[in-house]
Structures are given as structure tokens and as C-alpha cells.
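J.: Whenever a hint applies, use it, and build me the whole structure from the sequences.
Using numbering that gives the first Met the number 0, the first residue of the sequence shown is number 0, and each one after it goes up by one.
It is worth saying that the hints were derived from the structure and are not from the lab. Among the hints, a few may not be true.
Claimed, not checked - Derived lysine-lysine pairs resembling DSSO-like cross-links, with alpha carbons at most 30 Å apart:
hint, residue 1, residue 2
1, K135, K35
2, K390, K341
3, K184, K274
4, K105, K157
5, K253, K157
6, K306, K363
7, K143, K105
8, K184, K118
9, K301, K363
10, K118, K35
11, K306, K264
12, K274, K306
13, K184, K157
14, K390, K363
15, K253, K398
16, K341, K398
17, K118, K105
18, K363, K253
19, K253, K274
20, K184, K357
21, K105, K390
22, K105, K398
23, K212, K143
24, K157, K135
25, K265, K363
26, K157, K118
27, K341, K253
28, K143, K118
29, K357, K274
30, K265, K306
31, K274, K390
32, K265, K301
33, K135, K212
34, K35, K212
35, K184, K341
36, K184, K253
37, K274, K363
38, K306, K253
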Amino acid sequence: MRGIIPIVAIVCTLLAGSMVAGAIESSDFDDPTVCKGCHAEIYNQWDGSMHSIAYTDPVYLAEEEMASNETDGLTDTYCARCHTPIGVLSGEVPPIGHENISEVSKKGIQCDFCHNVNKSTGIGNGAFMVALDGFKRGPYDDSKSPSHGSMLSDLHTKSEFCGMCHDVNHPVTGIPIETTYTEWKEGPYNSTTQCQDCHMTPGITHFEANPGKASGIGPERDHIYTHYFVGGNAAVTGVIGSEVHQQMAEERLKSAATLVLEAEKKVTEAEITVKVTNVGAGHKLPTGLTEAREAWIEIMAKDASGKEIYHVGGLDSDGEVDPDAVMYHVVLGDASGNPTVKVWEAESVLSDNRILPKETRVEKYNFAIPEGVNDPITVEAKLNYRSASQKFLDELFGKGALVAPVIEMAGAEDTIVLGKKAPDEGVPGFESIFALLSLLVVAYLVRRNVK
Numbered sequence: 000m001r002g003i004i005p006i007v008a009i010v011c012t013l014l015a016g017s018m019v020a021g022a023i024e025s026s027d028f029d030d031p032t033v034c035k036g037c038h039a040e041i042y043n044q045w046d047g048s049m050h051s052i053a054y055t056d057p058v059y060l061a062e063e064e065m066a067s068n069e070t071d072g073l074t075d076t077y078c079a080r081c082h083t084p085i086g087v088l089s090g091e092v093p094p095i096g097h098e099n100i101s102e103v104s105k106k107g108i109q110c111d112f113c114h115n116v117n118k119s120t121g122i123g124n125g126a127f128m129v130a131l132d133g134f135k136r137g138p139y140d141d142s143k144s145p146s147h148g149s150m151l152s153d154l155h156t157k158s159e160f161c162g163m164c165h166d167v168n169h170p171v172t173g174i175p176i177e178t179t180y181t182e183w184k185e186g187p188y189n190s191t192t193q194c195q196d197c198h199m200t201p202g203i204t205h206f207e208a209n210p211g212k213a214s215g216i217g218p219e220r221d222h223i224y225t226h227y228f229v230g231g232n233a234a235v236t237g238v239i240g241s242e243v244h245q246q247m248a249e250e251r252l253k254s255a256a257t258l259v260l261e262a263e264k265k266v267t268e269a270e271i272t273v274k275v276t277n278v279g280a281g282h283k284l285p286t287g288l289t290e291a292r293e294a295w296i297e298i299m300a301k302d303a304s305g306k307e308i309y310h311v312g313g314l315d316s317d318g319e320v321d322p323d324a325v326m327y328h329v330v331l332g333d334a335s336g337n338p339t340v341k342v343w344e345a346e347s348v349l350s351d352n353r354i355l356p357k358e359t360r361v362e363k364y365n366f367a368i369p370e371g372v373n374d375p376i377t378v379e380a381k382l383n384y385r386s387a388s389q390k391f392l393d394e395l396f397g398k399g400a401l402v403a404p405v406i407e408m409a410g411a412e413d414t415i416v417l418g419k420k421a422p423d424e425g426v427p428g429f430e431s432i433f434a435l436l437s438l439l440v441v442a443y444l445v446r447r448n449v450k
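T.: Following this line, the structure appears as C-alpha cells:
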């Protein structure tokens, strides 16, 4: 298999960069329910989040199994490093599967892992180090607990903490697979806003202070970071029944972009202009594993009777997006240059037309106005989003077994008035004839009076 030796070498290097697998035990980490004893509110926010199910996420497990089978297990550690870091550090992974995984390792990105991270060895591919020294690290320098030591960690308040896992590059080809941190770093918010300012506060797409206590015995503080870790995944949170996280994800998606629609008649055609602006995300839209994510524009036009006269961007009978739709996403290429959603096959980026932070995209459409339509024409435009294509989910789970919801991020309506004259508006030119007759009558009367 192409790239086997490089993958093995790089995976070993990744492990050596933090802690050697097996040097610690999973039992060295507390289960999140232990932390719940003092941090009940924070635990409840985390429970049901994508971090809490990073390992048990059914989409991740299915894709991990497919990748493992197709690479003879070479991807096992690489992916699991950020989905079950305790499982990897303790040597429970590889192999994949539940047989060797302890309960604490199944808890994904959990309290005692994050708060034992003491430094970063770089950005991406799980570049973290942990220190099991009895101190929990966080954003305060005056924390006191009867259960553990506490230590200030500036790293925990910086985007670089998130960047350890939220940038992913292919270990052999170096192809970027996920670039959320890099998108922020290269964007307009990098000097004013950290990841935590949006994703760990009550504000939907902005920082909002959250005064309160981190624990029942802790001091009142001006701001306590929330632990919902809300992103754009409303599909898996819905599958696992986490309604709070699902609703928050949908709310965030609906606050990330605006859409402006202008529709007008040009002779016998309708001309439509759609402007989409990334107003609420500090990274590209969409972000994450964008070979699977789909964000696209849907346009529908109906006449006054409700008859559809134009539609682009809808779903077909298999749940796939119209190929003529404007789609904002990344297309990866395999060794033959063919599109692939299997990240382990990626050897190139064929295209990336996602929307930058604060960027506005202008899309143009036009269609012929059919004869006999009822005036006026109503045009509707939507920016839609879903976490994965139906084709991809069908390949993982079987046809129709899992359906990702389509979420309308933004939308607008406009009207085209055709300006047809109704039959009772008179014969063309009658006004002119009436005016001429009036002048003749006036002239006759004037002439008669003169005589």
C-alpha cells in the first residue's frame, strides 16, 4: 500500500511528541462524573456535547472502521488521538473497537484530559502534552479545591489550545483535512477574538460575559466559561437525543451568515442576484471536515398561482443536492485526481470555495419567464447547510438509515412584477383619441362664440 511506511513513522512521532502510549493508565484520569460532584453545571453543559461523544459519535465510529479496513489499521491511532486521547495515551488504542476501551476513555474530550494538558508541541494532529501531577489547569490563578491542586494556564484561554486538534493534515501527503484554527489565524479576528470567546460563552457568535461560579464552593466571578462547545453539528446531536445542543447548533448556524436577494425582470428573463456574507464565524463557512459538510444556495420561483417556474439547489429522490447548485465546500482528490470524501485517500485539494470571515459572495442567476404566468413572480433564496451528504451517510450506514437535517442558515424573498395590463384597462391609444376629440370640441365652441 502506498504510504504505509511514512504513516507508521509519523504516527510514532506523534505519540513520542506527547507521552509514550502505555506510559500511563486510563485509570490515572478521573471520570467526568467525579468532576460533576463540584462542577455540576459545567458537567451538564458538557454532557451531550460533541466533545463528550467525540469517541462514541456514530458517524466517527463508522468512518473510523471504514478507514481502518481500507488502510490495514494504519489510521487507528491517527484519528483516535483527538477522539479518545486517553485511549491513545494509555495504549488502549489501537486497535479500534470497544473491546479494549475503558469507560473513561470512551468519554472523548473530557474534563480531566483537557485540564491535565500542560503544553502544546505545535498546531494540529493532536499536538498536546499532559502532566499528571495532581494540578488541574485553567483560566484562574486563585482557584482552590479540596480535591486537587489548581494552576493558571494561559494556554487554556487561547485559540492555540483548540488548534492542537482543530487543524488536521494528512500524515503522508500533508494535505489539509481540517483547517479551522488556520482559518481563524489568517482571518480578521485573530488579534481580537479567541475561539473560546465565541464557543465557550453564552453569545451565539460573539463574546458575552457569563458571571457566576465555576463550582458550588468557588468564588463569584465576572466570567465563567461555558462548556457546551457549540459548533454546527445539529445532525449527530439530534441522533443522540441532545436537544439542547442540537438547538444551540441550529441557532449558531442561523446567526453565521446573512443573505440578500434582488430579483428583477430584464426583457423576457428574470435576473436574480444573491449576496451571502459570513457575518458570524471567525473561520470559513463551512469549516471542520469540509469534504463532508455541505452549504449551498437554493433558489425557487413561483407565479401568483403557486406554480413553480424555476428551482435550483433542491434535493433529488436520493437526498442529493442538485449538481447545478452553488456549493460552498472543499473537494479533495485521490491519487488519480478523482473527487473523494475519504480523507485517508486525499492527495490533493481540487477546490475550496468556502466563504472567508466577513467576506461577501455574489451569485447571479437568470431564467426565461414562461408565457402565461400569473403576475407577480415570487422568488425565494436560501442558504442551506447539512453536516454530511446523503450519499456519504448511505455509504456508511446503508440507504436512508441516517439522514442529516437540512438547516436554513439564512433566507430572503423578493417579487418580480411583470406589469401586464388587465383586459378592462381600455383599448391602447384611447387616451390620445379622447384628448384629440376634446380639443376639437373646445375649438368648435370657441369658434361658435366668436361668430
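J.: It remains to establish, for every hint, whether it holds in the given structure.
T.: Each hint tested on the structure:
| no. | hint | in the structure |
| --- | --- | --- |
| 1 | K135 <-> K35 | holds, 15 Å |
| 2 | K390 <-> K341 | holds, 12 Å |
| 3 | K184 <-> K274 | holds, 25 Å |
| 4 | K105 <-> K157 | holds, 26 Å |
| 5 | K253 <-> K157 | holds, 26 Å |
| 6 | K306 <-> K363 | holds, 22 Å |
| 7 | K143 <-> K105 | holds, 29 Å |
| 8 | K184 <-> K118 | holds, 19 Å |
| 9 | K301 <-> K363 | holds, 18 Å |
| 10 | K118 <-> K35 | holds, 25 Å |
| 11 | K306 <-> K264 | holds, 18 Å |
| 12 | K274 <-> K306 | holds, 26 Å |
| 13 | K184 <-> K157 | holds, 12 Å |
| 14 | K390 <-> K363 | holds, 28 Å |
| 15 | K253 <-> K398 | holds, 28 Å |
| 16 | K341 <-> K398 | holds, 18 Å |
| 17 | K118 <-> K105 | holds, 23 Å |
| 18 | K363 <-> K253 | holds, 23 Å |
| 19 | K253 <-> K274 | holds, 16 Å |
| 20 | K184 <-> K357 | holds, 14 Å |
| 21 | K105 <-> K390 | holds, 28 Å |
| 22 | K105 <-> K398 | holds, 28 Å |
| 23 | K212 <-> K143 | holds, 12 Å |
| 24 | K157 <-> K135 | holds, 17 Å |
| 25 | K265 <-> K363 | holds, 13 Å |
| 26 | K157 <-> K118 | holds, 12 Å |
| 27 | K341 <-> K253 | holds, 28 Å |
| 28 | K143 <-> K118 | holds, 22 Å |
| 29 | K357 <-> K274 | holds, 12 Å |
| 30 | K265 <-> K306 | holds, 21 Å |
| 31 | K274 <-> K390 | holds, 28 Å |
| 32 | K265 <-> K301 | holds, 17 Å |
| 33 | K135 <-> K212 | holds, 17 Å |
| 34 | K35 <-> K212 | holds, 14 Å |
| 35 | K184 <-> K341 | holds, 26 Å |
| 36 | K184 <-> K253 | holds, 23 Å |
| 37 | K274 <-> K363 | holds, 9 Å |
| 38 | K306 <-> K253 | holds, 28 Å |
The structure is consistent with each of the numbered hints, conforming to all of them.
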